[in-house]
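S.K.: Chains as they are written, first to last, in our numbering: chain A, 1 to 300; chain B, 1 to 300; chain C, 1 to 300.
In case anyone wonders, no lab produced these hints; they're calculated from the structure.
These figures come from a predicted structure and were not determined experimentally.
Treat the hints with care, as some may be off.
For chains that are exact copies, the list does not tell them apart, and a pair is met inside one copy or across any two.
As the list claims (entries may be wrong) - For lysine-lysine, the following DSS-like pairs were computed, each having C-alpha atoms within a straight-line distance of at most 25 angstroms:
(1) Lys103 with Lys69
(2) Lys267 with Lys97
(3) Lys224 with Lys115
(4) Lys103 with Lys281
(5) Lys224 with Lys97
(6) Lys97 with Lys281
(7) Lys242 with Lys147
(8) Lys69 with Lys237
(9) Lys202 with Lys237
For reference, the chains in residue letters:
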Amino acid sequence: MERIQLAEDLSFSRIIHGLWRLADWDFSQEETLQLIEECLERGITTFDHADIYGSYTCEELFGDALALKPELREKMEIVTKCGIKFASANRPSHTSKCYDTSKQHILQSVEQSLKNFQTDYIDVLLIHRPDPFMNPREVAEAFSQLKEEGKMRHFGVSNFKQSQFNMLQSFLDMPLVTNQIELSTYHLENFQDGTVDLCLEKRIAPMAWSPLAGGQVFTSQDEKAIRLREKLASIAKDVNAKEIDEVMYAWLLQHPANIMPIVGSGKLGRIDAAIKAQEIKLTVEQWFDILQTSMGHDVP
Amino acid sequence: MERIQLAEDLSFSRIIHGLWRLADWDFSQEETLQLIEECLERGITTFDHADIYGSYTCEELFGDALALKPELREKMEIVTKCGIKFASANRPSHTSKCYDTSKQHILQSVEQSLKNFQTDYIDVLLIHRPDPFMNPREVAEAFSQLKEEGKMRHFGVSNFKQSQFNMLQSFLDMPLVTNQIELSTYHLENFQDGTVDLCLEKRIAPMAWSPLAGGQVFTSQDEKAIRLREKLASIAKDVNAKEIDEVMYAWLLQHPANIMPIVGSGKLGRIDAAIKAQEIKLTVEQWFDILQTSMGHDVP
Amino acid sequence: MERIQLAEDLSFSRIIHGLWRLADWDFSQEETLQLIEECLERGITTFDHADIYGSYTCEELFGDALALKPELREKMEIVTKCGIKFASANRPSHTSKCYDTSKQHILQSVEQSLKNFQTDYIDVLLIHRPDPFMNPREVAEAFSQLKEEGKMRHFGVSNFKQSQFNMLQSFLDMPLVTNQIELSTYHLENFQDGTVDLCLEKRIAPMAWSPLAGGQVFTSQDEKAIRLREKLASIAKDVNAKEIDEVMYAWLLQHPANIMPIVGSGKLGRIDAAIKAQEIKLTVEQWFDILQTSMGHDVP
Numbered sequence: 001m002e003r004i005q006l007a008e009d010l011s012f013s014r015i016i017h018g019l020w021r022l023a024d025w026d027f028s029q030e031e032t033l034q035l036i037e038e039c040l041e042r043g044i045t046t047f048d049h050a051d052i053y054g055s056y057t058c059e060e061l062f063g064d065a066l067a068l069k070p071e072l073r074e075k076m077e078i079v080t081k082c083g084i085k086f087a088s089a090n091r092p093s094h095t096s097k098c099y100d101t102s103k104q105h106i107l108q109s110v111e112q113s114l115k116n117f118q119t120d121y122i123d124v125l126l127i128h129r130p131d132p133f134m135n136p137r138e139v140a141e142a143f144s145q146l147k148e149e150g151k152m153r154h155f156g157v158s159n160f161k162q163s164q165f166n167m168l169q170s171f172l173d174m175p176l177v178t179n180q181i182e183l184s185t186y187h188l189e190n191f192q193d194g195t196v197d198l199c200l201e202k203r204i205a206p207m208a209w210s211p212l213a214g215g216q217v218f219t220s221q222d223e224k225a226i227r228l229r230e231k232l233a234s235i236a237k238d239v240n241a242k243e244i245d246e247v248m249y250a251w252l253l254q255h256p257a258n259i260m261p262i263v264g265s266g267k268l269g270r271i272d273a274a275i276k277a278q279e280i281k282l283t284v285e286q287w288f289d290i291l292q293t294s295m296g297h298d299v300p
Numbered sequence: 001m002e003r004i005q006l007a008e009d010l011s012f013s014r015i016i017h018g019l020w021r022l023a024d025w026d027f028s029q030e031e032t033l034q035l036i037e038e039c040l041e042r043g044i045t046t047f048d049h050a051d052i053y054g055s056y057t058c059e060e061l062f063g064d065a066l067a068l069k070p071e072l073r074e075k076m077e078i079v080t081k082c083g084i085k086f087a088s089a090n091r092p093s094h095t096s097k098c099y100d101t102s103k104q105h106i107l108q109s110v111e112q113s114l115k116n117f118q119t120d121y122i123d124v125l126l127i128h129r130p131d132p133f134m135n136p137r138e139v140a141e142a143f144s145q146l147k148e149e150g151k152m153r154h155f156g157v158s159n160f161k162q163s164q165f166n167m168l169q170s171f172l173d174m175p176l177v178t179n180q181i182e183l184s185t186y187h188l189e190n191f192q193d194g195t196v197d198l199c200l201e202k203r204i205a206p207m208a209w210s211p212l213a214g215g216q217v218f219t220s221q222d223e224k225a226i227r228l229r230e231k232l233a234s235i236a237k238d239v240n241a242k243e244i245d246e247v248m249y250a251w252l253l254q255h256p257a258n259i260m261p262i263v264g265s266g267k268l269g270r271i272d273a274a275i276k277a278q279e280i281k282l283t284v285e286q287w288f289d290i291l292q293t294s295m296g297h298d299v300p
Numbered sequence: 001m002e003r004i005q006l007a008e009d010l011s012f013s014r015i016i017h018g019l020w021r022l023a024d025w026d027f028s029q030e031e032t033l034q035l036i037e038e039c040l041e042r043g044i045t046t047f048d049h050a051d052i053y054g055s056y057t058c059e060e061l062f063g064d065a066l067a068l069k070p071e072l073r074e075k076m077e078i079v080t081k082c083g084i085k086f087a088s089a090n091r092p093s094h095t096s097k098c099y100d101t102s103k104q105h106i107l108q109s110v111e112q113s114l115k116n117f118q119t120d121y122i123d124v125l126l127i128h129r130p131d132p133f134m135n136p137r138e139v140a141e142a143f144s145q146l147k148e149e150g151k152m153r154h155f156g157v158s159n160f161k162q163s164q165f166n167m168l169q170s171f172l173d174m175p176l177v178t179n180q181i182e183l184s185t186y187h188l189e190n191f192q193d194g195t196v197d198l199c200l201e202k203r204i205a206p207m208a209w210s211p212l213a214g215g216q217v218f219t220s221q222d223e224k225a226i227r228l229r230e231k232l233a234s235i236a237k238d239v240n241a242k243e244i245d246e247v248m249y250a251w252l253l254q255h256p257a258n259i260m261p262i263v264g265s266g267k268l269g270r271i272d273a274a275i276k277a278q279e280i281k282l283t284v285e286q287w288f289d290i291l292q293t294s295m296g297h298d299v300p
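Here chain A stands alone, though its shape is the one from the complex (with noise of 0.2 angstroms):
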């Protein structure tokens, strides 16, 4: 398994297991335990995980789990994410929907997430979504002090767009270690609008989530599901891939911006595709043939 330097003493697995569907696979604690142990013997060292996931009970079912073998934590990194806030049993406080990065939340938020999984520390915590309604001295001032208690080994954050990654990194003394954002053969904007540019710019390598488009290139009737679909299909045959997910992670492993794509499913079949995805190499033409199909015209 390839990694990605994210930073001098920070190294992420290229492919990221994601956990925001934890709570859907009824999962005993063993059950989630061995999902773990399977993904670090495939390398896979890196999970994937925000406050919010599973309605507030993702991060504390994966650390229930790695209580069962403790020393699996230091051959892990865990990235969680905080600054939303929603309605939920979970969380009674909570009156509505909004987002929330002031510093008093960010520690709440991280002080949480480390008794959740049973931790003292996180490797990477993400601001999940840009607030704008947010203080960026305020979030300076809550990255330092967890940097400092050592709770936190780095930042980044998510969903992020130029101006306002730029905005961010302005207030802090740290450098931002990456975005995650939205990358799919069938979900082009983040390639589009400049967010990936600014990645390799700032030489930061982005975590892609829905890196097969939440399914829907699988199933949607939607025109443009169906062409990407056969398309992929197509050249699944051409490059011996089973299925068309594979050439869906080797389009943007391929991709030169080191993206890393989240895996988001409890089935090893699942990210073992993502895994034998990076064997394939895709030539130049297949890659613009799929960036065209989606596009649904020719690049000018």
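With chain A held as given, fit chains B and C onto it using these hints.
M.R.: Coordinates of chains B and C only, in the frame set by chain A:
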């Protein structure tokens, strides 16, 4: 009244008074003077003008009033603008609408403004609109000359997008001290397109024009205005505000970008509403409730 | 003929001749040579090419003509481009439309261009289109190698938006000397989306392709073309221009960004129109009249 530091030797009152409709109020010189004094007593020391307001008449109306008590000049900051030309009986040489940011026009416009105000310096001169035909070298020359001659203390822009701001700034040997932009609960564009982000990144406080959306929220029958009006009324109740304009000002004042709303009313009641708004504390939930009502959908 | 300094050791003629339709003109070698000499006599020393023009034939047609008088080579600047591949009888290895900015393709493309032109150096090489699959490290390596080998004197881009320009530039140890973009009275996008702003900020002069909007303004029946045609005709009268193309060129030439229009005609009359346009002085009102006619509404 809070003050916002724009430069080492320049601060604005947090609430700014805007004179763009002065000519419509049919004030006598004495009434205008009284308005000025009422503002100053309340700590509103910054007055926003433009050469073109009132079809090129407002500066002079203000200057005539000020001439009744010239000692007030040094107790206030005068902001004015240049760069727009339109046909007007008061400018017979103007044949059609255009922008003009040539050195010659800037210098001429400022000379006229100084005469109108019967003062020998302006605190801040703004380029009124980004001029697609702007020669930034000429603007830089005009600014330098005006600064040297002591006619202008500082410079800024209005309605500039990111690329326009960065472009012009790159030609200047002095920092632009503000960007006057449209900002309100109704008009979110500058929050969404990176303009406010750039203000934060560059550490400049924006002035907000039309902070009440030109009255649209009070009277318009468009869907957005209606739902915003209802939401603002409901929150006004919750925070014990008398009128929704207080909530609209509070929403801007609480944003971390140090937004300085320009109150364009000749009525003391409306001016006091902006002042009272400084004491309203919206929760983050209320702030987002207003935002989301304006957008017509939740944040993601 | 005015000259624009692009680098310490490189200047272009303000008017550039573009050869993208050379293959359509059915010129004999002698006729092409004559065109080149007529341009040079008029001070037009810069010739714009691309590998793909004329389905990969124009460079060679030009080179064959130049071979009749090789001493002309050092009196001109040759610009060419690479990075687009499409299926063509002249490139049997190309199976489908795609971009290719790999080191290997850039080097191969340049070798072929040198052969086509029968020269041992190109003045400026442009990446023809922003490549969403671009590996900027490979581009940087190719550029460095070509510069070291003396095959290319300078590098630039074409059709790059802000984020793409900044991204690629951040990987290069030499400045990009131009951005060749679509600019005309009809096509305003690059004036409006920050692309021209960035050229000014970076102090690079853009080359303008389709400065006459590909003839649309002359013949198209779309509303915008019709109203622009009428306005241009009326202004042509006012400034004593024979044809509206002179006004279209003048509109670009007077913009402060040092725009260098590419004249793509094989007819001396049309080339002379661009040259004459240098003497036309539009008033700022006329410039905005054309702008606003193209936009279909006044500036705010």
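S.K.: I'd like to know which numbered hints this structure contradicts. Please list them from smallest to largest.
M.R.: Violated hints: 1, 2, 3, 7, 8 and 9; rest satisfied.
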